[in-house]
Amino acid sequence: MPVDQHQAGKILNVEDLHKSFGSLEVIKGVGFDMDYQERLVLMGPSGSGKSTLVRCLNWIEPPTSGRVTFDGVLVDPKSTDIRRLREDIGMVFQQFNVFPHLTALQNVALGPVVVKKGNRTAAEAEAMELLAKVGLSHRAAYKPGQMSGGEQQRVAIARALAMHPKLMLFDEPTSSIDIELIHEVLEVMVKLADEGMTMIVVTHEMGFAREVADRVIFMDQGLIIESGTPKELFDHPQQERTQSFLSKVLMA
Amino acid sequence: MLKWSIIWENLPFLLAGAGTTLALTVVSMVFATAAGLLVGLLNMYGGKVVGAITRLYIEVVRGTPALLIILLVYYALPIVGINLPQFPAAAVSLAACYAAYIAEVFRAAVESIPKGQSEAAFSLGMSRLQALRFVILPQTFRRVLPPLANEFAALIKDTSLVAFISMQDLLFKAKIIGARTYNPMSPLIGAAIIYLLMTTPVMQWSRNLEKRVD
Numbered sequence: 001m002p003v004d005q006h007q008a009g010k011i012l013n014v015e016d017l018h019k020s021f022g023s024l025e026v027i028k029g030v031g032f033d034m035d036y037q038e039r040l041v042l043m044g045p046s047g048s049g050k051s052t053l054v055r056c057l058n059w060i061e062p063p064t065s066g067r068v069t070f071d072g073v074l075v076d077p078k079s080t081d082i083r084r085l086r087e088d089i090g091m092v093f094q095q096f097n098v099f100p101h102l103t104a105l106q107n108v109a110l111g112p113v114v115v116k117k118g119n120r121t122a123a124e125a126e127a128m129e130l131l132a133k134v135g136l137s138h139r140a141a142y143k144p145g146q147m148s149g150g151e152q153q154r155v156a157i158a159r160a161l162a163m164h165p166k167l168m169l170f171d172e173p174t175s176s177i178d179i180e181l182i183h184e185v186l187e188v189m190v191k192l193a194d195e196g197m198t199m200i201v202v203t204h205e206m207g208f209a210r211e212v213a214d215r216v217i218f219m220d221q222g223l224i225i226e227s228g229t230p231k232e233l234f235d236h237p238q239q240e241r242t243q244s245f246l247s248k249v250l251m252a
Numbered sequence: 253m254l255k256w257s258i259i260w261e262n263l264p265f266l267l268a269g270a271g272t273t274l275a276l277t278v279v280s281m282v283f284a285t286a287a288g289l290l291v292g293l294l295n296m297y298g299g300k301v302v303g304a305i306t307r308l309y310i311e312v313v314r315g316t317p318a319l320l321i322i323l324l325v326y327y328a329l330p331i332v333g334i335n336l337p338q339f340p341a342a343a344v345s346l347a348a349c350y351a352a353y354i355a356e357v358f359r360a361a362v363e364s365i366p367k368g369q370s371e372a373a374f375s376l377g378m379s380r381l382q383a384l385r386f387v388i389l390p391q392t393f394r395r396v397l398p399p400l401a402n403e404f405a406a407l408i409k410d411t412s413l414v415a416f417i418s419m420q421d422l423l424f425k426a427k428i429i430g431a432r433t434y435n436p437m438s439p440l441i442g443a444a445i446i447y448l449l450m451t452t453p454v455m456q457w458s459r460n461l462e463k464r465v466d
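Sequences listed follow chains D and W, in order.
In terms of the numbering used here, the first sequence is residues 1 to 252.
In terms of the numbering used here, the second sequence is residues 253 to 466.
Source of the hints: derived by calculation from the structure; they are not laboratory data.
Only a predicted model underlies this, so the values are computations on that prediction, with no experimental measurement involved.
Glycine is no exception: its CB is placed at the ideal position from the N, C-alpha and C atoms.
A portion of the hints provided could be inaccurate.
As the list claims (entries may be wrong) - Rough simulated footprint, nothing fancy, chain W against chain D, three-plus residues with beta-carbon under 8 Å: (1) 86-94; (2) 152-166.
To be verified - The calculated lysine-lysine pairs, modelled on DSSO-like cross-linking and capped at a C-alpha distance of 27 Å, are: (3) D:K117 - W:K367; (4) W:K367 - D:K143; (5) W:K367 - D:K166; (6) W:K367 - D:K116; (7) D:K143 - D:K133; (8) D:K78 - W:K300; (9) W:K367 - D:K28; (10) D:K78 - W:K409.
Hey, can you work out the whole structure from these sequences and the hints?
Structure representation (structure tokens):
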């Protein structure tokens, strides 16, 4: 693996990020940073702003204010090519958002062909490899309507990986999946983590967080309440809000 | 009185008119669809000014009789130096008119695609145009076909308005036969049957498509 020139630094630095929808402030000044190859899990009750936060990182929701530095470059919406930034940040959505008019293979190959202007044959060959990686070689010619939620989400992961992102964002990737199929998605994510992918995962899957996360950040009402290793945060939460949230999640 | 012999004897004459009707419908529909797609997209993505201009165009045209637009293009445009022969004048008028309705068809179809689809396209680094071209519009295709087929059937009937600028379409030919034979009913009934033979299959096709989309 070639050593990136920023390898020693941070892949991501977020300072005082705010996001409002109209008069409603959803993120009220959030800051954190992230090492290359770090695995970060974001947790918090619904409405805590965790999904909005990850959606701000690739400008799907433009932040209202704050500073985001990605891969050594300060993101300035006036001068930064946001599309180029998005090529480097893969995103997996709660609702999969796979393209229903395309087969699994076409879903995965579309980004490289359209955005990177790659050769179609080469892109489809790589798409086949990525589908194999997420365990879906046998579904290459299927359309999303013919696949289970777990399979669609794995197609979505392969689609994001096809752009060779430096950072992967997972926004509640298993929340819309039938409970008996969640493990197939989590297994793929664990595999990615083992390969050294830098990732931010919004999830309530405690098992996944314990196994994979280097750090867990707990958010509530638009602010980071506390963060630490899974062991620290889950076994010895310092803040009352974290304790009460964890007790509810563990009850479920 | 209805005399089938009058329809039968003048059938080639009527069918020539039906040919004009059909040709005008197809040409107008092609331009109306292209223009309607463009106007619809500009209305949604053109920004404030272009959005307002296209909205004005859509509302003005939808609130104005098609016949008035035909008369305007054929009789008023020559005053400002634009002289169009009958067929192009009729085609331009009908296309301009139907483009407004078809723009709304495309707008409704694009807006019916979940927001997550364009978000997923953007997250891959696609531009708005790329997202439209490769992700959104292909998904609208099946949704716009039934309403477009309905517009096509409506257009077949609306082409009869060109009789007002003396174009010899199906209706005009029927009126000529009526005047010549002193029997207006027979050729008009004949024309009605021919119109029905053209519109019914289109509307049936539209219904079948709708069923398949559901």
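Open item on the list: For a quick check of understanding: which of the numbered hints are violated here, in increasing order?
Closed with: Violated hint (a single one): 10; every other hint is consistent with the structure.
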